[in-house]
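Enquirer: Residues per chain are reported as follows:
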Amino acid sequence: MTARTLPRKDVVIVGLGWTGAIMANELAGAGLEVVAIERGPWRDTASTSAPNYVQDELRYRIRHELFLRPGQTTFTFRNKTNQTALPIRTWGAFMPGNGVGGGGLHWNAETWRFLPSDFVLRTHLTHRYGKRFLPADMTIQDWGITYDELEPHYDRFEYLCGTCGTAGNLRGKIQEGGNPFEGPRSRPYPNPPQQQPFSHTLFGKAAREMGYKAFPQPSGNMSREYTNPLGVRLGPCTYCGFCEWFVCANYSKASPQTTILPVLMRKQNFQLRDNSEVTQINTDSAGRRATGVTFVDANGETWEQPADLVILAAYTIFNIQLLLLSRIGKPYDPVANEGVIGRNFTHQTTSDVTSFFDRSKFIFNPFIASGSIGMAIDEFNGDNFDHGPHRFVGGGYMGQMQTSGRPIQTTPVPPGTPKWGAKWKAAVRDNYLSALKPGTGVHGSMYSYRDVYVDLDPTYRDRFGRPLARITIDFHENELKQNIFLTDKFAEIFKAMGAQQIVKEYRRGPYDITDYQTTHLCGGAIMGTDPKTSALNRYLQSWDVPNLFVMGASAFPQNAGYNPTDTVGALAYWAADAICTQYLKNPGPLVHA
Amino acid sequence: MRDALSRVITGAASLLATACTAGFAAADNLPARDASSQVERGRYLAVLADCTGCHTAPGGESFAGGRPIETPFGKVVAANITPDRDTGIGNWTDEQFDVAVRLGRAADGSWLYPAMPYPYYTRMSKGEVLAIRAYLSSVAAVHHKVTSNQLPFPFDIRAGMRLWDAFYFNPGPFKPDPAKSAEWNRGAYLVNGPGHCAACHTPKTHLGGDRDHQTLQGYSVQGWFAPDITDSTTLGIGNWTATDVVAYLKSGHNRFAAASGPMGEEVTNSSSQMTDSDLAAIATFLKNVPGESVATRPLDSHAPVMMAGAAIYQDLCSACHNADGTGVAYLIPSLAGASSVASREPTSILRVVIHGAQSVATAHEPTGPAMPAFGWQLSDAQIAAVATYIRNSWGHAAPAIEASAVQKARKAAG
Chain A
1 MTARTLPRKD VVIVGLGWTG AIMANELAGA GLEVVAIERG PWRDTASTSA PNYVQDELRY
61 RIRHELFLRP GQTTFTFRNK TNQTALPIRT WGAFMPGNGV GGGGLHWNAE TWRFLPSDFV
121 LRTHLTHRYG KRFLPADMTI QDWGITYDEL EPHYDRFEYL CGTCGTAGNL RGKIQEGGNP
181 FEGPRSRPYP NPPQQQPFSH TLFGKAAREM GYKAFPQPSG NMSREYTNPL GVRLGPCTYC
241 GFCEWFVCAN YSKASPQTTI LPVLMRKQNF QLRDNSEVTQ INTDSAGRRA TGVTFVDANG
301 ETWEQPADLV ILAAYTIFNI QLLLLSRIGK PYDPVANEGV IGRNFTHQTT SDVTSFFDRS
361 KFIFNPFIAS GSIGMAIDEF NGDNFDHGPH RFVGGGYMGQ MQTSGRPIQT TPVPPGTPKW
421 GAKWKAAVRD NYLSALKPGT GVHGSMYSYR DVYVDLDPTY RDRFGRPLAR ITIDFHENEL
481 KQNIFLTDKF AEIFKAMGAQ QIVKEYRRGP YDITDYQTTH LCGGAIMGTD PKTSALNRYL
541 QSWDVPNLFV MGASAFPQNA GYNPTDTVGA LAYWAADAIC TQYLKNPGPL VHA
Chain B
1001 MRDALSRVIT GAASLLATAC TAGFAAADNL PARDASSQVE RGRYLAVLAD CTGCHTAPGG
1061 ESFAGGRPIE TPFGKVVAAN ITPDRDTGIG NWTDEQFDVA VRLGRAADGS WLYPAMPYPY
1121 YTRMSKGEVL AIRAYLSSVA AVHHKVTSNQ LPFPFDIRAG MRLWDAFYFN PGPFKPDPAK
1181 SAEWNRGAYL VNGPGHCAAC HTPKTHLGGD RDHQTLQGYS VQGWFAPDIT DSTTLGIGNW
1241 TATDVVAYLK SGHNRFAAAS GPMGEEVTNS SSQMTDSDLA AIATFLKNVP GESVATRPLD
1301 SHAPVMMAGA AIYQDLCSAC HNADGTGVAY LIPSLAGASS VASREPTSIL RVVIHGAQSV
1361 ATAHEPTGPA MPAFGWQLSD AQIAAVATYI RNSWGHAAPA IEASAVQKAR KAAG
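Those protein sequences? They're chains A and B, same order as listed. First residue of the first sequence: 1, per the numbering used here; consecutive thereafter. First residue of the second sequence: 1001, per the numbering used here; consecutive thereafter.
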């Protein structure tokens, strides 16, 4: 079908989640004509959720109300390169959002910064432990940016969101009650931490008594009402426990909807097209310059949107897929260890500990919660401890982060309980108030490997006839060792809290695509200093097509032991700043390789 | 996903009305206006008079008319007031325009209906009205035929208005009160003249004339209750400071309340574009309009209807509005002390509970939070109970609402 051509815009943005909204607001604010093209529907707090129906676990959590439908697209999956990948017909290990707000609408709002050493990971680890300490097939890289360069942009994103927390390091001075391992902050969090329910408080107390520095998890659920620098207002969290997988009906969770869109949507030089899927980034005949995008609307009509600047701001695997389909950048080949698109793909290494307490003494009321509630320790994250004796690298934060007591899924029962029937029901009833299941209690890093990557599937195609993205991913020994070490450390704290019975749920291989971990897919279009091993330069600008910038966690060379959104938001502000202060004055490569 | 529609949503389309509401970011980019010009003077007077509120149909061309105005007697459709010679007012003389705006007589001598608020516009001077004319002559002419009179018999006989005018129309420009401050006088002129606040906020007689002894004490109009805006602390806005009044008119929000429905449109089209000094003048005047206070006692909190209402409130309302009804400043309206809650007629509280409400988003308060609809979830008796509870809590006192009133409200606003 021939595409009809729309009037040229200065900027076209693919996807209107966190990074699309940040970019749109910054670039429209700079006076450019901006259009965002979003695959899913328009969503706002009022029309998408209301407090009298949004707390519906069946609709939102079990039936995936806010997520992409397999009929729209999916991906294929395998563990090893010698296996045949098959299409995934329901989401499992991660949850791609659908519609305006993207993952920023259904997240828990855990708002962590990465460690300064995370950004220079290969240099740091090699320096400390020597070259031979790292597994030969581990492909970790430095990011090409430092924590100090990113700090003002972290700060900007956190003030946009109204992040609640206790600073642990203010301009180099360690602060009591915060995370002493974090990089220096230029100023405190905009809001104090949320109040902690009983189990979270008890975890913090036990951890402190064991000598750890426990601190409240940084939260995008508001501890009080907040007005952000754009003038958009958020309300105090009611601790209802319906955050992740849900829209906050109380304007209490930071999302594009509650922080940016009310301002962005008023801008007359901004336009949104919803229910429209970009199928290709178009380039000139030499493939050196993006000329715009092609998209298909809900009626199946194909359109071309010409633009001078293209911002790719979709979810990780769809960023990678669109680059591959558009033939931008050399596809990664794990055999030759060449190419960049699809390279250094990672996820997360999480695990959990379920613990059972004396129900005559402990009533935890787990339904009092928020998405980012929790007390954490960071002693075992990144390189905060000596890995020498342990023979692995990486780590993660751990904590009592139980974010809900929702009825369908909060049914921890002791081992040996029947799976159904009267005895199961009795065990659920007996343990509901006195058992703890933090969810992603251990939030471990996943480093990158030569045989973990994304390419185009040779067999399976989407509804437009385009090849699906194919994910090849498995856990490596380094991550599995890391997880055993962290999970054991985590369990010790529950023991100290007084648990009678503890069940450790280690993360084991092979990587299971049906078992939800987090939605933190990373890498595949990574930033770096060398065009041979990275798709983007340090400003998230394509090495190959300089008028294309690629947002999101797809730029992470490997995943750290934290949630990615704060870093994703900071990188978007960092790139927007580079576009406004450098690129627009002199469009072209911002880094000469 | 073939059932979905692709939409194009632009900054302009997301606003309630598009005319002149670029928001301050865009407004700052406009060429500086020559405040002394007749056209600019007329533009600002048209803002004060909120001409666009009626004469621009939602999504329609500016001032091309076509918006139906619901009156207790039937529908009157606002005229095309662009300079189009066939369907607008391009053929009118200045004199005819002045007579229409200030005396309520059309160019052909026929009587206008007071849906056109000439009983208030009459307080403007002829010079001001001619400035508006100069401004309207500068806007794009739009060919759009409007049949204004859609009233049923006998109200469709315009000559009947001769009698109405004799009863209720008191023509003549605003006369300042030398005993009052210049600011008060400016406020009185704005409220009683171009701002025509009383058109909605003053109770009406059976013939639709203002009940002058109840000025600004609230009236049901277009399915909403335009609340008491006198200084009464029990029924009006006596708890608001002048700063609160200014914030509300400028941004649609203050620490107690949020504008939605017709008032949201007024904020968008008119008061959000007024100068700060005019808003301060309005506040000064309103804070000096005495209201009534009622000494009625609230219903017994142990009455079954109150206990049922309290339980529903705790379950469904308190997460946002708080157990004590205070809400969240500038985000979730306070029910405690709200004049629209304990109003004589429960029109607004029932409407908002049944259908929800979208508050206005403005450049100064862009958030635009919304109240969800509960009509699908609660029965008539349950809505009556929770509304009765709200109207008899936190210092409010008002008669209980019957389930039959809720049923009526569902039909009226549905």
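In case anyone wonders, no lab produced these hints; they're calculated from the structure. Among the hints, a few may not be true.
[As the list claims (entries may be wrong)] Simulated pairs of lysine to any residue, SDA-like, Cα-Cα distance not exceeding 20 Å:
1) B:LYS1411 <-> B:ASP1380
2) A:LYS9 <-> B:GLY1160
3) B:LYS1287 <-> B:ALA1370
4) A:LYS9 <-> B:ASP1380
5) A:LYS9 <-> B:GLU1265
6) B:LYS1204 <-> B:GLY1160
7) A:LYS9 <-> B:ARG1186
8) A:LYS9 <-> A:PHE485
9) B:LYS1126 <-> B:GLN1214
10) A:LYS205 <-> A:ASP358
11) A:LYS213 <-> A:LYS585
12) A:LYS585 <-> A:GLU26
[To be verified] Pairwise CB distance ranges, derived in the manner of DEER restraints:
13) B:VAL1008 <-> A:PRO418: 54 to 64 Å
14) A:ARG288 <-> B:VAL1008: 24 to 34 Å
15) B:HIS1213 <-> A:ARG224: 39 to 49 Å
16) B:GLY1209 <-> A:ILE62: 51 to 61 Å
[As the list claims (entries may be wrong)] Just so you have them, the derived chain A footprint on chain B, three or more residues with Cβ under 8 Å:
17) 1325-1333
18) 1356-1365
19) 1372-1384
Being a predicted model, the structure only gives us computed values, none of them experimental. Glycine residues also receive a C-beta, built at the ideal position from the N, C-alpha and C atoms.
Enquirer: Each of the hints needs a verdict: does it hold here or not?
Expert: A quick look at each hint next to the structure:
A threshold of 20 Å between alpha carbons decides the hint, and for LYS1411 (chain B) with ASP1380 (chain B) the separation of about 12 Å falls inside it, so the pair holds. Under the criterion of a C-alpha separation no larger than 20 Å, the hint pairing LYS9 (chain A) with GLY1160 (chain B) is inconsistent with the structure, at around 57 Å. Restraint check: the Cα-Cα separation between LYS1287 (chain B) and ALA1370 (chain B) comes to about 28 Å, which exceeds 20 Å; the hinted pair is violated. Taking the CA atoms of LYS9 (chain A) and ASP1380 (chain B), the gap is near 52 Å; set against the 20 Å cutoff, the hint is violated.
The hinted pair formed by LYS9 (chain A) and GLU1265 (chain B) fails the criterion: a straight-line CA distance of about 32 Å is larger than 20 Å. Between LYS1204 (chain B) and GLY1160 (chain B) the alpha-carbon distance is near 18 Å, which keeps this suggested pair within the 20 Å criterion. For the proposed pair LYS9 (chain A) and ARG1186 (chain B), the alpha carbon gap of about 47 Å is over 20 Å, so the pair is violated. Among the hinted pairs, LYS9 (chain A) with PHE485 (chain A) is inconsistent with the structure: their alpha-carbon atoms are about 53 Å apart, more than 20 Å.
For the hint linking LYS1126 (chain B) to GLN1214 (chain B), the alpha-carbon distance of about 29 Å lies beyond 20 Å, and the restraint is violated. Restraint check for LYS205 (chain A) and ASP358 (chain A): the C-alpha separation of about 18 Å stays at or below 20 Å, so the hint holds. Taking the CA atoms of LYS213 (chain A) and LYS585 (chain A), the gap is about 47 Å. The hint is violated against a cut of 20 Å. A threshold of 20 Å between alpha carbons decides the hint, and for LYS585 (chain A) with GLU26 (chain A) the separation of about 15 Å falls inside it, so the pair holds.
Taking the beta carbon of each, VAL1008 (chain B) and PRO418 (chain A) are about 56 Å apart, inside 54 to 64 Å as hinted. For ARG288 (chain A) paired with VAL1008 (chain B), a C-beta distance near 31 Å keeps the hint of 24 to 34 Å intact. For HIS1213 (chain B) and ARG224 (chain A), the hinted distance range of 39 to 49 Å is satisfied, since their beta carbons lie about 46 Å from each other. The given range of 51 to 61 Å is respected by GLY1209 (chain B) and ILE62 (chain A), whose C-beta atoms sit roughly 60 Å from each other.
For the segment 1325-1333 of chain B, the proposed coverage by chain A is satisfied: 5 residues have a C-beta within less than 8 Å of a C-beta in that chain, meeting the threshold of three. For the segment 1356-1365 of chain B, the assignment as covered by chain A holds, since 6 residues bring a beta-carbon within under 8 Å of that chain's beta-carbons and 3 suffice. A stretch counts as covered by a chain when three or more of its residues have a beta carbon under 8 Å from one of that chain; for the segment 1372-1384 of chain B and chain A the count is 4, and the coverage holds.
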